[in-house]
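Undergrad: One-letter residues, chain by chain:
2 protein chains.
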Amino acid sequence: MTPVTMIEGALRDALPAAAFRDLEPRYLEEPRGRYKGEGGFLIAPASTEEVSQAVKIAYEAGVPVVPYGGGTGLVGGQIAGEGVQPLILSLERMNKVRGVYPEENVLVAEAGCILQDLHGVADGVDRLFPLSIAAKGSARIGGNLATNAGGLNVLRYGNARDLCLGLEVVMPNGDIWNGLTRLRKDNTGYDLRNLMIGSEGSLGVITAAALKLFPKPAHEGTALFVVPSPEAALGLLAMTRAHVGEQISAFEIMHRQGWDFLAETMPQVRLPYAEPPEWCVLCDIGLGRGLDPAEALEALFAEAFEADLVTDGLIAQSEQQRIDLWNIRENIPEANRLIGSVSSHDISVPLSLIPEFIRRGNAAMAEIGDMRVNAFGHLGDGNLHYNIFPAQGKSRDDYEDKRSAVKKGVHDLVYELGGSVSAEHGIGRLKVKDLEVYGDPVKLASLRAIKQALDPKGIMNPGAVLAAS
Amino acid sequence: MTPVTMIEGALRDALPAAAFRDLEPRYLEEPRGRYKGEGGFLIAPASTEEVSQAVKIAYEAGVPVVPYGGGTGLVGGQIAGEGVQPLILSLERMNKVRGVYPEENVLVAEAGCILQDLHGVADGVDRLFPLSIAAKGSARIGGNLATNAGGLNVLRYGNARDLCLGLEVVMPNGDIWNGLTRLRKDNTGYDLRNLMIGSEGSLGVITAAALKLFPKPAHEGTALFVVPSPEAALGLLAMTRAHVGEQISAFEIMHRQGWDFLAETMPQVRLPYAEPPEWCVLCDIGLGRGLDPAEALEALFAEAFEADLVTDGLIAQSEQQRIDLWNIRENIPEANRLIGSVSSHDISVPLSLIPEFIRRGNAAMAEIGDMRVNAFGHLGDGNLHYNIFPAQGKSRDDYEDKRSAVKKGVHDLVYELGGSVSAEHGIGRLKVKDLEVYGDPVKLASLRAIKQALDPKGIMNPGAVLAAS
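Protein chains in written order, with the working numbering: chain L, 1316 to 1784; chain B, 1316 to 1784.
Take these hints with a grain of salt, some might be off.
Copies of the same chain look alike in the list, so a pair counts if it works inside one copy or between any two.
Below, in silico cross-link-like pairs of lysine to any residue (SDA-like), each with a Cα-Cα straight-line distance of 25 Å or less [to be verified]:
1) Lys1748 to Ala1768
2) Lys1722 to Glu1649
3) Lys1531 to Ala1622
4) Lys1748 to Asn1493
What the hints contain is simulated information worked out from the structure, not anything from laboratory work.
Sequences and hints are given; from them, build the entire structure.
TA: Here it is as structure tokens:
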């Protein structure tokens, strides 16, 4: 591919001076440190028109374009491949909220808006924008959509895909698709919106989106339930549904390994049990008027205790207690990072097979070597973060020779159970090979045909999702 | 294109005798009588493998394939174009439920299952499958997905797209894509599922789907609210949301024209007011445990009355009263049919612009001629059925010369307001030109490129969605 140096002059002619920024190291790094960019040329356009002009120039010359949001992706989708000198197209200056329509429950925002800022905008009109991920303070909505982000509230509100009504996209040839509709229903042709969502910048650059807002639940409640097993956790989920229907906002499972990691690396995080429970569930419910969530959670606890689905539990009695309980869950990824994993997995299986996955996965890992397993995550979605760590006193470097066996063990099991090796993080560059090995071949052939049809020169984020051709 | 007669022999060799059925007239007709097929060859395979074999044979020979579900589509997507002798591929024998997973809230069904039968299957495990359309007694789920059907409960549960987790599809070359996952989260590559949903059989044949089930609301309530205007109806929607959050299952607006048509054509339908209200709203709510919907609706009525958003109303006190109220709404399409429209429109606009659309649309129609307008439908989704009828004593034939002006008047206004000329019925063959005129040109170019990429010979339902090439 043509290196970006060939079009720097044309870009400087076409865009205002403010669009050019220094290529600081952060644009070439990603959170897990597995990919490192080898340079490129950074622009930060301020408008869709400027994005379009820049992409047109790259398209004409055949220069690769890597769209860059908040840089928080966990699969290397934001870092160009080896030897590639791309145009790095940061959306950071496209951070305007174009419109708020509380009477329609709609917000129209540019791609560079920080996720947490959008929470604030929604809050300002007494609405909820429910997409919530650990990186919400720096992740940008364009990247959230490009990767179809998941997070804590998928169970109730869906993933990023489900929260988007319309998109504005600069296509690989620089044309602007104006699909920024605020419509709830629109059956006019193939679903280009959902094709762009989750394409990880490899089919175009998302520049703006119309997003769904929701009424805020009148009353929210949080409980930590100690459960005897993952099976019991599933039983508790079904019972919770019977009690409050779809009004479960989050249903997260945690293994004691995560608590042990917290105690080891982040002693400032308050843990409510001296002896951490083997398994527990953190459950949020949000109810409408006329109902008291603490009462609802108490009734649930009583019935679940009777049915041997829970053995102990805590119902938050104040906002501070809710925060403390969520602090446990939300700090587990950081504790994991501090310990340093041998291999991390973002998997999903059909919900009812979660206990089997954990049982067989743990057995397979034990056969490979002496390792610690931290399984936690979005049980309500059938989505676990299944992360493998060195034994106490050892480091990840001691396991270099085991990493591929670990990955294969996990992925083979996921595949056998009809699951996904990337539930919410996407393919990026990290899992391109996995998609080739585990993906349905007919699907793969279709994806390649679509990529070729929409991006015939292969300039959009080459090597992400599909191997560069 | 090659006529199907060229491959009849090969099909007879490849498929069992039971796959061949007489081409009864119903396969060549559609509900509104605007399209009439000119023949073809009918097969009704019993398995995905048989569908695959048949499509492979058609693909090799370049014979057009028209997938056929329940035949209830309203835009002619199920009827081949002029002069085309297609392979008509009915899914009617693929009507098995492959699995029910109440603990996962999932149902896996073949494409030929009748929608209403799936309601029964869900009910049998105390769950809800919420997709509900007027034609539910004969529509098949494969067709519902191929057209991304909407209906009454989109406001709460989403359209067909939102209710589908996985698909099995026979691609245009006969290959089988096994995407029949029961996963809630799967970010492995582009969203082929949503590309197939809503493609109206022009990118492949859906043979099975994994569908989402929901907990049944513990208590359901129905009210008919008389509102002074469409603006007030929107205010009432917002107030209802503030009262019960997302637990509004349906929110339908009706104009008195529909009631007058009912009185004229279907006097057996019970109407609760001697003098029909100018505008009214039919609202369903479904609440969880511990709440009484009648009480909730009474509290809503009191507050709305105080705010001048409603002037009168009825809260159903029994299941029979609920049925009677819904009978009004559900019989309006049949009454419309009996009157005979000049032109029917399935439009959506941003929710807050519905009143403006009605005001300006009615004014535009009055300028064209003396006509009756029946505006009704899914207000909660911003989706109206805006249908234009002859003046009393005249027939639709008297308006032949006005039809195109009516269509243009409605569509221009929809376009100006950022709406859609096909909110839920799809493009089919009826609206191919409209898509060309009103569709975003960059989107259109992308759709054509996708069609060409996945169906290079153009055999799948040629002329549906996009003009045949």
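Undergrad: Does each hint fit the structure? Answer for all of them.
TA: Hint check:
For the homomeric pair Lys1748 and Ala1768, the shortest alpha-carbon distances inside one copy (22 Å) and between copies (23 Å) are both at most 25 Å. In this assembly of identical chains, Lys1722 and Glu1649 lie within 25 Å of each other by CA distance solely inside one copy; the values are 21 Å within and 59 Å between copies. For the identical chains of this complex, Lys1531 and Ala1622 are inter-copy neighbours only, at 22 Å across copies versus 32 Å inside a copy, given an alpha-carbon limit of 25 Å. Taking identical chains as interchangeable, the C-alpha atoms of Lys1748 and Asn1493 lie at most 25 Å apart only when they sit on different chains, with a minimum of 19 Å there against 34 Å within one chain.
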